[in-house]
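Visitor: Produce the entire structure from the sequences given, and follow the hints as far as they go.
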Amino acid sequence: MLRYIYGADLNLYPNLRDTMFRDRAAQFRDRLKWEVTVDTDGFERDEYDAMNPLYVIWELPDGTHGGSMRFLPTSGRTMVQDHFSDLLNGADIRSAQIWECTRFCVAQRAGPRVAGALMLAGGELMRAFHLTRLLGVFDARMVRIYNMIGAAPEVLGAMGEGRDKISVGLWAFRPDDRVKVLRRAGLSSDLSEHWFTRSFGHPISRPVAA
Amino acid sequence: MKALKLDQFLHKLAQADALDQIQDLILGLRDSLKVDHIVYHWVSADGEQYGYGTYDKKWVQHYIDQEYLRIDPVVLGCFQRFHPVDWKRLDWSSRAARAFQKDAIASGVGNQGFSIPIRGPNGQFALFTISHTSDDDTWAAFTMSKQRDLILIAHFLNQKALELEKGRAPEPIRALSPRETDALTFLAMGYSRGQVSEMLSISEHTLRAYIESARFKLGALNTTHAVARALSEGLILIGGAARAAPGNWPGRDSRSNAAR
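Same order as they appear, the protein sequences are chains A and B.
Sequential numbering of the first sequence, starting at 1, is according to my numbering.
Sequential numbering of the second sequence, starting at 1, is according to my numbering.
Hints may contain errors.
[Stated by the list, open to error] Here's a subset of chain B near chain A, in silico, CB distances under 8 angstroms, partners left out:
id, residue
1, Q80
2, R89
3, G120
4, P121
5, M144
6, H155
7, E212
8, F216
9, K217
[Said to hold, decoys possible] DEER-style ranges, computed between Cβ atoms:
id, chain 1, residue 1, chain 2, residue 2, range
10, A, R163, B, I105, 56 to 62 angstroms
11, A, G162, B, A141, 48 to 54 angstroms
12, B, N222, A, D18, 46 to 52 angstroms
13, B, Q49, A, H130, 25 to 31 angstroms
Keep in mind the hints are simulated off the structure, nothing from the lab.
Cβ atoms here follow ideal geometry from the backbone N, Cα and C, with glycine treated the same way.
Guide: Here is the structure:
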């Protein structure tokens with residue numbers, strides 16, 4: 001299931017939290033060989049995790065982490081601008097309606113549908129909070145998955161080659177993509193809306209009073 | 001103050017050059033939205049606060065005297081979030097919070113509220129709030145229908161407050177990035193979006209993101225306003241002045257050429 005959790009509330013889900021930070025170490029340090037910091041607990045955490053970001057986490061049936069990503073608003077400090085500005089060719093994207101999405105992670109034990117479920121959640125956030133785009137950091141595998149789903153991000157810049165390639169790109173919200181992403185994730189629209197409502201306390205959108 | 005529709009409000013806000021004008025603009029916006037109260041509230045990292053709004057002055061002073069900042073669930077809850085929040089979703093369970101709520105309603109604050117948290121540069125935090133007295137369903141329908149406008153108003157107000165509070169750190173995000181400067185310059189020269197994206201070797205999709213970002217930084221409601229503001233503030237140059245300027249001319253310098 002999908003959970004939307006702010007950093008300040010992660011301590012309510014200790015198992016989910018710990019397995020997320022360990023899976024991030026496995027993905028970003030061990031598999032992708034990124035220069036990330038892993039602490040003595042085996043957690044991959046950085047300064048942006050300390051800025052109370054919003055996480056979207058796929059929870060596996062046993063209560064552990066199956067995949068996740070991290071959001072921060074571009075009106076404030078962002079990881080993309082601090083660390084990936086070289087890839088942006090002189091762009092500095094700020095908007096009330098653009099959030100950055102980083103640390104897109106899929107656990108190795110998770111099934112193939114998890115990446116799709118996370119993409120779905122990104123789209124739900126955009127729909128709910130009137131975001132026009134997400135500004136994301138993607139690894140090569142993610143770009144491939146996005147392409148397969150038919151909802152490819154627009155790459156602004158990239159570094160590295162092959163599976164080591166890291167890209168920064170924009171992902172726009174196109175209502176048609178939602179159907180494709182739902183199919184890829186193997187989830188129903190109702191279920192996704194239910195998960196959103198459970199996390200935020202209100203539905204994604206409500207009918208306007210006549 | 002006459003009621004101000006969204007575009008009128010944003011237009012006047014963009015032109016405001018003193019903080020005391022913001023109070024009048026907020027009054028006009030309140031009359032247009034037909035809600036009891038609108039408040040813009042800035043809280044710095046050290047707890048210093050200021051704001052503009054329509055709450056009773058006595059309530060504002062009482063709030064400060066009682067140090068309600070430390071227990072107000074709206075401030076505490078919104079500080080932990082960055083999506084728009086209905087007050088009902090916040091944690092009112094403590095005795096202090098319930099007493100505060102009772103005090104607030106008795107002082108004319110509505111039983112309903114909807115707040116937009118803003119994370120600005122360098123850890124700046126601000127809140128834009130509308131409050132009203134109504135039943136839950138009416139309020140939910142109203143806030144959902146206005147959510148997008150309220151998000152834009154909140155951020156534009158904050159950009160203006162940052163701009164006008166220059167003495168106060170942090171500095172606002174005003175500088176256009178080189179790509180935004182290029183994009184607005186070519187648009188100002190009359191090229192179409194298609195032509196501009198071709199000249200900059202980017203897709204129209206990316207160009208639209210650059211323009212949106214430039215609009216945000218300039219507090220401009222649309223592209224025409226953004227171009228006009230950038231021109232009037234000397235952020236972009238077109239015509240003879242630009243052609244005569246050495247180096248700083250889109251496409252002429254190596255950075256722009258190196259873009260693709």
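Visitor: Confirm or reject each hint.
Guide: Each hint, compared with the structure:
For the restraint placing B:Q80 at the interface with chain A, the shortest Cβ-Cβ distance is roughly 5 angstroms, inside the 8 angstroms limit, so the hint holds. A hinted interface residue such as B:R89 counts as satisfied when its beta carbon comes closer than 8 angstroms to some beta carbon of chain A; here the least separation is about 4 angstroms, so the hint holds. Below 8 angstroms, beta-carbon pairs count as interface contacts, and B:G120 has one with chain A at about 6 angstroms; its hint therefore holds. For the restraint placing B:P121 at the interface with chain A, the shortest Cβ-Cβ distance is roughly 7 angstroms, inside the 8 angstroms limit, so the hint holds.
Here the hint on B:M144 is kept, as its CB sits about 5 angstroms from the closest CB of chain A, short of 8 angstroms. For B:H155, the suggested interface contact is upheld, since its CB lies about 4 angstroms from the closest CB of chain A, less than 8 angstroms. A distance limit of 8 angstroms between C-beta atoms decides the matter here; for B:E212 the minimum to chain A is near 5 angstroms, and the interface restraint holds. Restraint check, B:F216 versus chain A: the minimum CB separation of about 4 angstroms is within 8 angstroms; hint holds.
Checking B:K217 against chain A: minimum C-beta separation of about 6 angstroms stays under 8 angstroms; hint holds. The beta-carbon spacing between A:R163 and B:I105, approximately 59 angstroms, falls within the hinted interval of 56 to 62 angstroms. Between A:G162 and B:A141 the beta carbons are some 52 angstroms apart, a value that agrees with the proposed interval 48 to 54 angstroms. Separation of B:N222 from A:D18 is about 47 angstroms and conforms to the stated range, judged on CB atoms against 46 to 52 angstroms.
Between B:Q49 and A:H130 the C-beta distance comes to about 27 angstroms, which sits within the given range of 25 to 31 angstroms.
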